[in-house]
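Asker: Sequence:
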Amino acid sequence: SQLQSFCQDTSRLTLAQLIDNVQVTERLISKSAATNQKRHKVFAIRLNLFREDEYLSEYGVSAESVEAVIESQFVKKLETAILRDLRRVDGEDVENSDNEGLDGDASAEKSSKRSKQQASYEEPDSDDEEVIKAADKAQKELDGEDSDVDSDESADSEDEVEDEADKRKRQAREQKQAAVREKKNAETRRDREERILAKSPYVKKYSFDTEQGSWCEIEMHFPADTKKLLMVNLVSAVAPTCVLHEIKGIDRVFMSEDEKGTPQIATEGVNLKGIWEYADLIDVNSIYSNDIGAILRTYGVEAARMAIIQEISGVFGAYGIDVDRRHLTLIADYMTFESGFKPFNRMGIESSTSPFLKMSFERTCHFLTQATLHGDFDGLESPSARIVMGKVVEGGTGSFDVMQPLVPESNAA
Numbered sequence: 013s014q015l016q017s018f019c020q021d022t023s024r025l026t027l028a029q030l031i032d033n034v035q036v037t038e039r040l041i042s043k044s045a046a047t048n049q050k051r052h053k054v055f056a057i058r059l060n061l062f063r064e065d066e067y068l069s070e071y072g073v074s075a076e077s078v079e080a081v082i083e084s085q086f087v088k089k090l091e092t093a094i095l096r097d098l099r100r101v102d103g104e105d106v107e108n109s110d111n112e113g114l115d116g117d118a119s120a121e122k123s124s125k126r127s128k129q130q131a132s133y134e135e136p137d138s139d140d141e142e143v144i145k146a147a148d149k150a151q152k153e154l155d156g157e158d159s160d161v162d163s164d165e166s167a168d169s170e171d172e173v174e175d176e177a178d179k180r181k182r183q184a185r186e187q188k189q190a191a192v193r194e195k196k197n198a199e200t201r202r203d204r205e206e207r208i209l210a211k212s213p214y215v216k217k218y219s220f221d222t223e224q225g226s227w228c229e230i231e232m233h234f235p236a237d238t239k240k241l242l243m244v245n246l247v248s249a250v251a252p253t254c255v256l257h258e259i260k261g262i263d264r265v266f267m268s269e270d271e272k273g274t275p276q277i278a279t280e281g282v283n284l285k286g287i288w289e290y291a292d293l294i295d296v297n298s299i300y301s302n303d304i305g306a307i308l309r310t311y312g313v314e315a316a317r318m319a320i321i322q323e324i325s326g327v328f329g330a331y332g333i334d335v336d337r338r339h340l341t342l343i344a345d346y347m348t349f350e351s352g353f354k355p356f357n358r359m360g361i362e363s364s365t366s367p368f369l370k371m372s373f374e375r376t377c378h379f380l381t382q383a384t385l386h387g388d389f390d391g392l393e394s395p396s397a398r399i400v401m402g403k404v405v406e407g408g409t410g411s412f413d414v415m416q417p418l419v420p421e422s423n424a425a
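Residues 13 to 425 in the numbering used here are what the sequence shown lists, from first letter to last.
Distance condition first, Cα-Cα at most 30 Å in a straight line; then the derived DSSO-like pairs of lysine-lysine:
#, residue 1, residue 2
1, Lys-89, Lys-216
2, Lys-240, Lys-217
3, Lys-239, Lys-88
4, Lys-89, Lys-53
5, Lys-88, Lys-216
6, Lys-260, Lys-211
7, Lys-240, Lys-211
8, Lys-239, Lys-216
Label-pair restraints from in silico Cβ distances:
#, residue 1, residue 2, range
9, Lys-240, Pro-275, 48 to 58 Å
10, Glu-280, Arg-99, 34 to 44 Å
11, Thr-222, Asp-21, 20 to 30 Å
12, Ser-268, Asp-345, 26 to 36 Å
13, Asp-263, Glu-393, 43 to 53 Å
14, Arg-99, Asp-21, 36 to 46 Å
15, Asp-345, Asp-263, 29 to 39 Å
16, Lys-239, Asn-48, 13 to 23 Å
17, Thr-222, Phe-356, 55 to 65 Å
18, Asp-413, Gly-329, 35 to 45 Å
Simulated from the structure, these hints should not be mistaken for laboratory data. Every residue gets a Cβ at the ideal spot worked out from N, C-alpha and C, and that includes glycine.
Start from the sequences, fold in the hints, and give me the full structure.
Answerer: Laid out in structure tokens, this is it:
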């Protein structure tokens, strides 16, 4: 349904959720002309994905989208993570002489690889030759249609010949279209591979499963003296950061129903402004969140005040406790009277003018130090401050004194 599609398209989907397992093979290659007479450490990384039909039905993404994320995010982030790990192991800064030499060698290899690709790009490869042969075959079938129809006139009627001719034309046209699509896909894959190799000085080979979208292989070359890399751990750390689609701040979107059976959409996380973009599907006037801070930033202090009342009432209502609304209103007013959201904790008590009140709550040394440095004064007006000093609280029966004259018995007689 439309709501289910919406939940799929707006839930956060990362590359890690599409990967079944990761295989990394490390080997050392000898000197050769292709490696500029240098030994290299080669990491062959294979991402074993689920099949395209599986993640297409579950998450609504195609293999083309997955490959685009690998190109635009995964390769770049993996390279950054590798360099960061190497710097951490070496204990050196970002821009050091060793890294400059590493980048220089990689840039030279990249230029050499790019010139080889440019030289070989002009000539048709095996895929292009197959496409050209298929197109020529289809054209020959079209050219031979008239002669076939003329030779079969004595055996078949004119209608049957015309139907057969139309069928052959249709088949030839479909073959041409398929050949064009295949050629276009091959060019797209070749362009993507060239872009990846051009952008990264360490990636030397790249391939993706075009039939089922179930694997991707990346080969990265580093100098032979490169420190030990735990490549599987690096890939596992980078994959969850590569996002295919999301509403920022929302991890998961799922369907639910209210007490009346009306369909609702619930989220893990909050982005009120991001949900506004789907006003054609969602009633934006009925949006609610238990994130008081998000409501305050988006709708203002009065909306935050009402949310506080509703949340507190809901907590007590779960246990069947009925709280007078005036008490809830008083709490909500106190928490929002400064045009913000004041929590009931040590951060919320920072704005109090009574040092003894703050010290009696938490972090006594902290508040004592601050009061001493700033020369704060306590008028002993709060109950906590008066209790700390051993005085009666000025509330209830402590808010007044009873004056009774005491007359000695001798004088009364």
